[in-house]
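Those protein sequence lines, which keep their order, are chains V, A and X. If you count the first sequence from 1, position 217 lands on 222 in this note's numbering, and the numbers rise without skipping. If you count the second sequence from 1, position 359 lands on 365 in this note's numbering, and the numbers rise without skipping. If you count the third sequence from 1, position 91 lands on 302 in this note's numbering, and the numbers rise without skipping.
If you want a taste of the chain V side facing chain X, the calculated C-beta under 10 Å gives, among others:
#1 Arg68
#2 Thr91
#3 Pro201
Source of the hints: derived by calculation from the structure; they are not laboratory data. Even for Gly, the Cβ is constructed at its ideal location relative to N, Cα and C.
Listed below, chain by chain, are the residues.
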Amino acid sequence: MPEAVAAHAEAHGHHAHAHHPALQHHFETLEQQKEASVLGMWIFIIQEVMFFGGLLMAYFLYRVWYHEAWVEGSNELDIVLGGINTVVLIGSSLTMALAVRSAQVGSKKGTVNWLIVTMVLGLVFLVIKFFEYKHKYDLNHIPGANFVFEGPHAGQVQIFISLYFGLTGLHALHMVIGFVLLSVIAWMAHKDRFSPEWYTPVEMSGLYWHFVDIVWIFLFPLLYLVDRTHRLG
Amino acid sequence: MMTPTLPPVTYLNHKYGVMSWLLTKDHKRIGILYMVVVTIAFVLGGVFAAGVRLELTTPQGDIWSADTYNKLFTMHGIAMVFFVLIPAVPAILGNFVLPLMIGAKDVAFPKINLISWYVFVVGFIFTVGAMVFGGVDTGWTFYVPYSSSASNTNVLMTGIGVFITGFSSILTGVNFMVTIHRMRAPGLTWFRLPLLVWALYATSFVQVLGTPVVAITLFMVVLERGLGFGIFNPALGGDPVLFQHLFWFYSHPAVYIMILPPMGIISEVIACFSRKSVFGYSFVAFSSVAIALFGFMVWAHHLFVAGISPYSAMVFSLLSYAVAIPSAVKTFNWAATMHRGAIWWKTPMFFVFGFIGLFLVGGLTGLFLAALGLDVHLHDTYFVVAHFHYIMVGGAIMGYFAGLHYYWPKMTGRMYSDILGKLSALLIFVGFNLTFFPQFILGYLGMPRRYHVYPDEWQVFNVLSSAGASVLAVGYVLPLFYLIYSLFKGEVAGANPWGATGLEWTTQSPPLPENFPGQPIVEEEAYDYHKREIKVA
Amino acid sequence: MSHIAPVKSYVIVFGTLMVLTSVTVAAAFTNLGTLNFPVALAIAITKATVVILFFMHVKYSSKLTKFVVASCLFFLACLFGLTFTDYMSRGWFTSPRGTTMAGTQVTVGPAAPAAPAAEGAAAPAPEP
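Chain V on its own, in the form it takes in the complex:
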């Protein structure tokens, strides 16, 4: 994109030097900037892992202590919806990877379209989640003052459901953030901001989106599949 470089050099006035307009001035090269961005995103991701880690610690402890209640709670969740969501989200990871690849080879149409498909799949996930939450609400299974549950382990099941909402709610929040992020990136792609030399924002959003997928890869078996041998569905 030589015109953009020239326009940028003009904006510099007498410091005219030709470099990619996306290169920020505290970096020496685009390569250094890209490496810094990817490293920064990875460090942010491992921080997010520790964030979920705290909730998971609570989950693991109580699973060991209250296995019966965990089985009951897990069987209350709709495995079909959970399974569909898993396929949808992993599918969205595929489309996200394809979007990044499109940016790598300089295909603007591919980038925008695959990003949109990813966002649509993300939306499907959230809609299904909404119906799952609504179902819980209808059964008075929302933890708190109105919680009602039949069975000897009601208190412990309430802990399970609290952690269910905490984990999936936090996950859903991350998906919403990801959705907003992807819409910005898709817009930027639409405006021709990316090229094979510089597509770092696409790559970084990809990393974020895959991370959100990985969280669900763990949440699905941990929440929905505790022990389904007792009864089906």
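Since the structure of chain V is already known, use the hints to place chains A and X on it.
Coordinates of chains A and X only, in the frame set by chain V:
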């Protein structure tokens, strides 16, 4: 000899106006923005401390009610831990000096740096709001079930405020790690880095990996308190000790966030004012990393009497002893640095000596507490209070002041009155010991912490402690005056008033907006004092 | 330049993830006793690894990136492992008076009938 004049273009004067500060991406300005908020928080925390010490001058509860007293020590802790100790050296001095030290133009993500300041301010506003609208009385440790169900104070707002502030710490940590990995000047290999950079690096991974855990823990408390979710609620089968595990998983490494950067400052100042390279450079560098790593494995020493298993307690006790070793390595290396050096008695060096003495006492008393048998008697007594204040105030704050006085000429281009600086250091040292040494005795005698009344026979020590607190207050207020005065009337410092090694001292004071006129290239080892011919006044 | 993977490789990865998902669901409906949990975790870990290596390009990333990813596992291990040293070893210790240290499972129910007043008998309540 030519008297130096202030350079014509600096990061301070090249742009004017409030918006040029509020929208700055310059790490140096962001460091100063942090300094403003941290100083306000320090004053706030000091006011709460004054309230506490005032009450404790008499054995009866005659000034505040028990509830008010609980709020005072809680808010003192919250203000000091989250808004002073955690950000002080990294976000103020680290932000200012790190890119200069490695020969970079800025940190890796300048916009995120600015965002981290705004996040800090928003968190501060939430927390101060909670304090103003009734306060919090759970202790800065927010133990459940009191914080999640029983307390009728502003736990939610405070929890949210601290949660938000945590993200500031995380963003700074991410920024520093990437900066150090990817933006060092040519020739600046890892083992040529100043030790402050190693310290900031080690601190950064504690910030990045520990803070999210306390964030999610506070989030769980907010869920429990705000929405009635059950996670720690014993009535449902929850375990309050789980909260303590999760809380201290961060809060113990947090104390290493508080102490590692000041230790880095000490290394810098000691080398400069002994005119000698730091003895055992690689040992000191690795000890920072070791402290950060081991620091993640000792948290349950805060839970020794909470009901954890004795076997687990033994494991944590052993690990707590182990984490003291790298700190001792540093202390011996600092002493060896001074040996046969040429000590130059300036204000920063006064603060360094204060640090070494006080940190030594604080660190050693930590070992007393790490011993299970002793901890049964000393837990939740004033012994613990004295121990952590020796480290946090005698160590971390002294280290911050050492760094502030060392880097002030670089940041402002001005020298402050050295006499007043030394006076401050002395007042702080004397006042500090007077305040906190009696507390070791009180703890040993059994006085519990977080009580506003106590038996008459302990009054003498409490009065000594409160008297010391007033001296300490004077020592802390004094710098406000002579430092601000120096901005207008201080002698011009020049690029390197201390004759120090390091890239930050090769550029003008105050620095250019882009730090260096060209790209610095490093060909020397760190602390090459033996190669320098410097005449000092 | 970064490695550009062929589209087919991504589709194969997706296929692998679908297979593993079906396996984990099937395993949940099979009674493997105490192995159910480790098997589910192992499958999840495998899926995550595949996503990290291929979708997130870590296989082709710098050593530093790989190290950063691995270090995360270390700290998670600290959190889970060291916390569990506490919970797993509660109840191992029985004092001469018969108590096993406060903090084992809490059961909330009607108060137990008063034990016969034997000398030095431990009460079931937590330590004062």
